[in-house]
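Enquirer: As a plain string of letters, each chain reads:
2 protein chains.
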Amino acid sequence: MFESAEVGNVVEKKAYEKRLERLRTDLLRAQHALASTKFRLLVLVGGVEGGGKTEVARLFLEWMDPRGLQVEAYGDKSEEEEERPEYWRYWRTLPASGRGAILVGTWYTRPIVQRVFKDISEGDFDMAMDRVVAFESMLAREGTVIVKIWLHLSKDEQRRRFTQLEKAPATSWRVSKRDWDFSSKYDRFRKICERALAKTGTAEAPWTVVEATDRRYRDLTTGETVLKAVQDAVARAELPEPAKAPDRTRPPQISLLTRLDLSKSLDAKEYDHKMMKQQARIARLTRRLRSQGRALIAVFEGADAAGKGGAIRRLLPAMDARNARVMSVAAPTDEERARPYLWRFWRHLPRLGHATIYDRSWYGRVLVERVEGFCPAADWKRAYAEIAAFEEELSESGVIVAKFWLQISRAEQLRRFKDRTVTPFKQYKITEEDWRNRAKWDAYQAAAVEMFERTSTPFAPWTLIEAEDKHWGRVKVLKTVADRLEEELA
Amino acid sequence: MFESAEVGNVVEKKAYEKRLERLRTDLLRAQHALASTKFRLLVLVGGVEGGGKTEVARLFLEWMDPRGLQVEAYGDKSEEEEERPEYWRYWRTLPASGRGAILVGTWYTRPIVQRVFKDISEGDFDMAMDRVVAFESMLAREGTVIVKIWLHLSKDEQRRRFTQLEKAPATSWRVSKRDWDFSSKYDRFRKICERALAKTGTAEAPWTVVEATDRRYRDLTTGETVLKAVQDAVARAELPEPAKAPDRTRPPQISLLTRLDLSKSLDAKEYDHKMMKQQARIARLTRRLRSQGRALIAVFEGADAAGKGGAIRRLLPAMDARNARVMSVAAPTDEERARPYLWRFWRHLPRLGHATIYDRSWYGRVLVERVEGFCPAADWKRAYAEIAAFEEELSESGVIVAKFWLQISRAEQLRRFKDRTVTPFKQYKITEEDWRNRAKWDAYQAAAVEMFERTSTPFAPWTLIEAEDKHWGRVKVLKTVADRLEEELA
Numbered sequence: 001m002f003e004s005a006e007v008g009n010v011v012e013k014k015a016y017e018k019r020l021e022r023l024r025t026d027l028l029r030a031q032h033a034l035a036s037t038k039f040r041l042l043v044l045v046g047g048v049e050g051g052g053k054t055e056v057a058r059l060f061l062e063w064m065d066p067r068g069l070q071v072e073a074y075g076d077k078s079e080e081e082e083e084r085p086e087y088w089r090y091w092r093t094l095p096a097s098g099r100g101a102i103l104v105g106t107w108y109t110r111p112i113v114q115r116v117f118k119d120i121s122e123g124d125f126d127m128a129m130d131r132v133v134a135f136e137s138m139l140a141r142e143g144t145v146i147v148k149i150w151l152h153l154s155k156d157e158q159r160r161r162f163t164q165l166e167k168a169p170a171t172s173w174r175v176s177k178r179d180w181d182f183s184s185k186y187d188r189f190r191k192i193c194e195r196a197l198a199k200t201g202t203a204e205a206p207w208t209v210v211e212a213t214d215r216r217y218r219d220l221t222t223g224e225t226v227l228k229a230v231q232d233a234v235a236r237a238e239l240p241e242p243a244k245a246p247d248r249t250r251p252p253q254i255s256l257l258t259r260l261d262l263s264k265s266l267d268a269k270e271y272d273h274k275m276m277k278q279q280a281r282i283a284r285l286t287r288r289l290r291s292q293g294r295a296l297i298a299v300f301e302g303a304d305a306a307g308k309g310g311a312i313r314r315l316l317p318a319m320d321a322r323n324a325r326v327m328s329v330a331a332p333t334d335e336e337r338a339r340p341y342l343w344r345f346w347r348h349l350p351r352l353g354h355a356t357i358y359d360r361s362w363y364g365r366v367l368v369e370r371v372e373g374f375c376p377a378a379d380w381k382r383a384y385a386e387i388a389a390f391e392e393e394l395s396e397s398g399v400i401v402a403k404f405w406l407q408i409s410r411a412e413q414l415r416r417f418k419d420r421t422v423t424p425f426k427q428y429k430i431t432e433e434d435w436r437n438r439a440k441w442d443a444y445q446a447a448a449v450e451m452f453e454r455t456s457t458p459f460a461p462w463t464l465i466e467a468e469d470k471h472w473g474r475v476k477v478l479k480t481v482a483d484r485l486e487e488e489l490a
Numbered sequence: 001m002f003e004s005a006e007v008g009n010v011v012e013k014k015a016y017e018k019r020l021e022r023l024r025t026d027l028l029r030a031q032h033a034l035a036s037t038k039f040r041l042l043v044l045v046g047g048v049e050g051g052g053k054t055e056v057a058r059l060f061l062e063w064m065d066p067r068g069l070q071v072e073a074y075g076d077k078s079e080e081e082e083e084r085p086e087y088w089r090y091w092r093t094l095p096a097s098g099r100g101a102i103l104v105g106t107w108y109t110r111p112i113v114q115r116v117f118k119d120i121s122e123g124d125f126d127m128a129m130d131r132v133v134a135f136e137s138m139l140a141r142e143g144t145v146i147v148k149i150w151l152h153l154s155k156d157e158q159r160r161r162f163t164q165l166e167k168a169p170a171t172s173w174r175v176s177k178r179d180w181d182f183s184s185k186y187d188r189f190r191k192i193c194e195r196a197l198a199k200t201g202t203a204e205a206p207w208t209v210v211e212a213t214d215r216r217y218r219d220l221t222t223g224e225t226v227l228k229a230v231q232d233a234v235a236r237a238e239l240p241e242p243a244k245a246p247d248r249t250r251p252p253q254i255s256l257l258t259r260l261d262l263s264k265s266l267d268a269k270e271y272d273h274k275m276m277k278q279q280a281r282i283a284r285l286t287r288r289l290r291s292q293g294r295a296l297i298a299v300f301e302g303a304d305a306a307g308k309g310g311a312i313r314r315l316l317p318a319m320d321a322r323n324a325r326v327m328s329v330a331a332p333t334d335e336e337r338a339r340p341y342l343w344r345f346w347r348h349l350p351r352l353g354h355a356t357i358y359d360r361s362w363y364g365r366v367l368v369e370r371v372e373g374f375c376p377a378a379d380w381k382r383a384y385a386e387i388a389a390f391e392e393e394l395s396e397s398g399v400i401v402a403k404f405w406l407q408i409s410r411a412e413q414l415r416r417f418k419d420r421t422v423t424p425f426k427q428y429k430i431t432e433e434d435w436r437n438r439a440k441w442d443a444y445q446a447a448a449v450e451m452f453e454r455t456s457t458p459f460a461p462w463t464l465i466e467a468e469d470k471h472w473g474r475v476k477v478l479k480t481v482a483d484r485l486e487e488e489l490a
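From first to last, the protein sequence lines are chains A and B. FYI, the numbering used here numbers position 370 of the first sequence as 370, with every residue one higher than the one before it. FYI, the numbering used here numbers position 315 of the second sequence as 315, with every residue one higher than the one before it.
There's no promise every hint is true.
You can't tell identical chains apart in this list, so a pair holds if it fits in one copy or across any two.
[Unchecked claim] SDA-like, lysine to any residue: derived pairs with alpha carbons at most 25 Å apart:
no., residue 1, residue 2
1, Lys167, Arg281
2, Lys199, Arg344
3, Lys38, Glu336
4, Lys77, Trp88
5, Lys77, Arg290
6, Lys77, His348
7, Lys426, Ala101
8, Lys14, Glu270
9, Lys479, Arg290
10, Lys18, Tyr271
11, Lys77, Gly293
12, Lys228, Phe117
13, Lys13, Leu197
14, Lys381, Arg141
15, Lys264, Arg287
16, Lys244, Arg24
17, Lys185, Asp119
18, Lys228, Arg313
19, Lys269, Arg24
20, Lys155, Gly201
21, Lys479, Val401
22, Lys479, Asp304
23, Lys38, Arg344
24, Lys277, Thr463
25, Lys14, Ser255
26, Lys244, Tyr384
It should be emphasised that the hints constitute simulated quantities derived from the structure, not laboratory data.
Same shape as in the complex, but just chain A (with noise of 0.2 Å):
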């Protein structure tokens, strides 16, 4: 693969600069058209040490608006990046629509090192390279234009350009032990990045393998393939959006719902005793995620009036107030609604040590989303894995993921809307919107059914809950928190 970067190219001079000033021009021109497109950005720079990484992100600083455009270089991790999920940072600096990013060391940099100096396993390596390529995935799907740019130098070059670095006074800096440890192992560091662009060029985001020796060449073909990536999303923004339409599939007559037995309940007295207990052991528990390292999140959905709230208003106040929240999940602001649909829920998760209770989620997108046609069809289908992935990210990062289904019947819904609708304080909680999604609370009910099948994992289970009695619901969902934290912090 990269015998082709290893052939000599080189620019003159004269050329250079000619090529360069049209290259500038179109790059102001295209940057500031995709501007009002809903595309973002994202620049990729890779490569070996000495290929001139940052010089080429500075250069796209010169050449472009630098107010539309920000340099992501991702060394060492902060403090608060250590104690979220690996592609945290990545999700956390993603830049809105209509804006781009430069990235320097990102997602391929660890597994590509760990392999090298044998971390990990070729097995951990390629299945590394698959959550790539999901994630890149996603990210195109989501309005991302994703160019890679791999700067190669040949053996002999690298070790070139270390040692003529080292000579001058001026640079010798930039030149470091780690850098001699990488061009020592130069062999085995191109088989593994050869594995890794193999595994990793798609449609979506393909590779370009830059010859990094002659300067003006590398500067050039970087720019111009940039280019050429923001002209063709521009002229993709101008093709018709997708149909969106909702989704009125009705629901198996038997299903893990139907088989639900609704009439389980406590009376006022054992549920009181059973509260109390299962807060306590709550309360005990969530003490130690701290000093294991570890996070909780619980996830609340259900039909409108099913309890979320009442279970959460439990659930909450057992655990430690200073490192418990909630949070609620309406309409998404302006800047979430400018970035993939899953970054919403990046952007708030947990610390280590802490617990975040989401009253609805991302499951909206396959339930909300998808009933009422909010999305077109390929994204809510493609939601099913792109959700599986995040909660299997949470759970390796050591985030302990329940999820709940509250269930009722809707004839119980009903009694509860005509209760909040007569009662003064509770009227507030219902809406318009909750009669009309009650029309279709069969869709809502298949949609529901479809989720548990795809997205319950042995790391993050749905515990479906009989809400009809809401003191047996909330035990129920205090008690399976209880056990799983008792399970997971052992």
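Here the structure of chain A is known, so what remains is to put chain B in place on it, guided by the hints.
Expert: Then chain B, alone, in the frame of chain A:
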């Protein structure tokens, strides 16, 4: 001051239950009413150790709708918090309009503890309290309901509690060595807290000292105090908004701006030579930021087409692209609009070692917002002091602040506008709005002159740039940055 909270207030169980039911209903109702106003609620819970600060915080999560309420307990700082000004953590967690937060361990804690242990002088302590008053005053004027609760225990009662907690195995972990250390200094703490409360009890953010011996009394009093404040805010929300009007002050005939010599210029050769020299200085100097625990903020203001973008495009590439970024200040997002004016600038502050260039800035408040009448006159008038305080905090935390005003003549602006109109790849730079702003030239000049007078401080001076000749202007900007860095990083 605390004597009135050592009188033995108690509430009997029966009365408690009755008042509590009422309180909870009213609190929920008031919270819901607040949600649709522009106000946010901040409840600060302070007081002696053992008084039950976290218990009280937890209560609010039970009593109110936790979906609109967050608890923030500011314990040890994270590394990212350490690398930014003291108040960054408070800005960062500030709730949006309509929402509330219960704060435990706030901006009072550090100065009080430092003063008790004599790490700071009485003068420094008083200055810290002045900063608190200014901060809370700004919050209040920006639509924040501030309720400050001080939970008081007498010396004997505090000791009794600690001893009792220590005896029971289930609660002994709750008493730390730190608690006893603090307790042994009870009298000194009391004296200093009294001073803190006396200096910071304002009409906008009054203290309520609550006798915390009897839990029922403590909880009800706290809850009812918060309820009253929220109800008052809801009533205030119905008052008409203050009027906004454009400001058409004329500039003085002779001013800092009229006295600039706009004929200064550099020819192309001098320019290239000087530019390269200054870029090299900046490249060298910014590398020292990290090791010296400093950061850089450069602010660019000036009329449209004054050359802010051009100067930034020369300055930025001189810096390490990995640690430098441009913030272009356009219309605020909805998340920004839901918070105090300065929030959007706090959120993007550079970490130590980094540089941020602001293309337009917080000075919009006293420029465009003043001239166009986007905010009431009272708001932009208080902004001078708020901005000076903000920049002082930046400076104290190690940020080097450089501010540039790029000045051109009205005739030159017209030439540049016309050039933009006819040059294809510059057309996006010129909008209808630019022409409208041009018509208000005098008002903008007047606002700028007042701005220099009021906000040029030793720690954050303004530099006026003769920008009629682009060469001269850019070199002066870069030289000023380099000189400033050299001086500060000596």
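Enquirer: Are the hints correct? Go through all of them and say.
Expert: Going through the hints against the structure:
For the homomeric pair lysine 167 and arginine 281, the shortest alpha-carbon distance between copies (21 Å) is at most 25 Å, but the shortest distance inside one copy (65 Å) is not. For a Cα distance limit of 25 Å, the shortest separation of lysine 199 from arginine 344 qualifies neither inside one copy, at 29 Å, nor across copies, at 41 Å. Both within a single protomer and between protomers do lysine 38 and glutamate 336 lie at most 25 Å apart by alpha-carbon distance, with minima of 13 Å and 21 Å respectively. Within a single copy, lysine 77 and tryptophan 88 get their C-alpha atoms as close as 10 Å, and across copies as close as 20 Å, so both meet the 25 Å cut-off.
In this assembly of identical chains, the alpha carbons of lysine 77 and arginine 290 lie at most 25 Å apart whether taken from the same copy (19 Å) or from different copies (15 Å). Both within a single protomer and between protomers do lysine 77 and histidine 348 lie at most 25 Å apart by alpha-carbon distance, with minima of 18 Å and 18 Å respectively. For the homomeric pair lysine 426 and alanine 101, the shortest alpha-carbon distance between copies (22 Å) is at most 25 Å, but the shortest distance inside one copy (47 Å) is not. Taking the closest pair of Cα atoms, lysine 14 and glutamate 270 come within 25 Å of each other only across two copies (24 Å); inside a single copy the shortest separation is 87 Å, beyond that limit.
Taking CA atoms no more than 25 Å apart as the test, lysine 479 paired with arginine 290 passes inside one copy only; the shortest distance there is 21 Å, against 49 Å between copies. For the homomeric pair lysine 18 and tyrosine 271, the shortest alpha-carbon distance between copies (22 Å) is at most 25 Å, but the shortest distance inside one copy (80 Å) is not. In the homo-oligomer, the alpha carbons of lysine 77 and glycine 293 lie at most 25 Å apart both inside one protomer (17 Å) and across protomers (18 Å), since each shortest distance falls under that limit. Taking the shortest Cα distances, lysine 228 and phenylalanine 117 never come within 25 Å of each other, neither inside one copy (36 Å) nor across copies (64 Å).
Proximity of lysine 13 and leucine 197 under a CA criterion of 25 Å is satisfied in neither setting, with 31 Å inside one chain copy and 71 Å between copies. In the homo-oligomer, the alpha carbons of lysine 381 and arginine 141 lie at most 25 Å apart inside one protomer (12 Å), although the nearest pairing across protomers, at 47 Å, exceeds that limit. For the identical chains of this complex, lysine 264 and arginine 287 are neighbours neither inside a copy (32 Å) nor across copies (67 Å), given an alpha-carbon limit of 25 Å. In the homo-oligomer, the alpha carbons of lysine 244 and arginine 24 never lie at most 25 Å apart, since the shortest distance is 39 Å inside one protomer and 44 Å across protomers.
For the identical chains of this complex, lysine 185 and aspartate 119 are intra-copy neighbours only, at 15 Å inside a copy versus 53 Å across copies, given an alpha-carbon limit of 25 Å. Only between protomers do lysine 228 and arginine 313 lie at most 25 Å apart by alpha-carbon distance; the minimum there is 23 Å, versus 53 Å within a single protomer. For the identical chains of this complex, lysine 269 and arginine 24 are inter-copy neighbours only, at 23 Å across copies versus 76 Å inside a copy, given an alpha-carbon limit of 25 Å. Taking the closest pair of Cα atoms, lysine 155 and glycine 201 come within 25 Å of each other only inside a single copy of the chain (23 Å); across copies the shortest separation is 70 Å, beyond that limit.
Taking the shortest alpha-carbon separations for lysine 479 and valine 401, only the intra-copy value of 15 Å comes in at or below 25 Å, while the best inter-copy value is 54 Å. Taking identical chains as interchangeable, the C-alpha atoms of lysine 479 and aspartate 304 lie at most 25 Å apart only when both belong to the same chain, with a minimum of 23 Å there against 63 Å between chains. When the C-alpha separation of lysine 38 and arginine 344 is checked against a cutoff of 25 Å, the pair qualifies both within a copy, at 17 Å, and between copies, at 23 Å. With identical chains, the CA atoms of lysine 277 and threonine 463 are at most 25 Å apart within one copy only, with a shortest distance of 20 Å there and 66 Å across copies.
In this assembly of identical chains, lysine 14 and serine 255 lie within 25 Å of each other by CA distance neither inside one copy nor across copies; the values are 72 Å within and 49 Å between. Only within a single protomer do lysine 244 and tyrosine 384 lie at most 25 Å apart by alpha-carbon distance; the minimum there is 18 Å, versus 50 Å between protomers.
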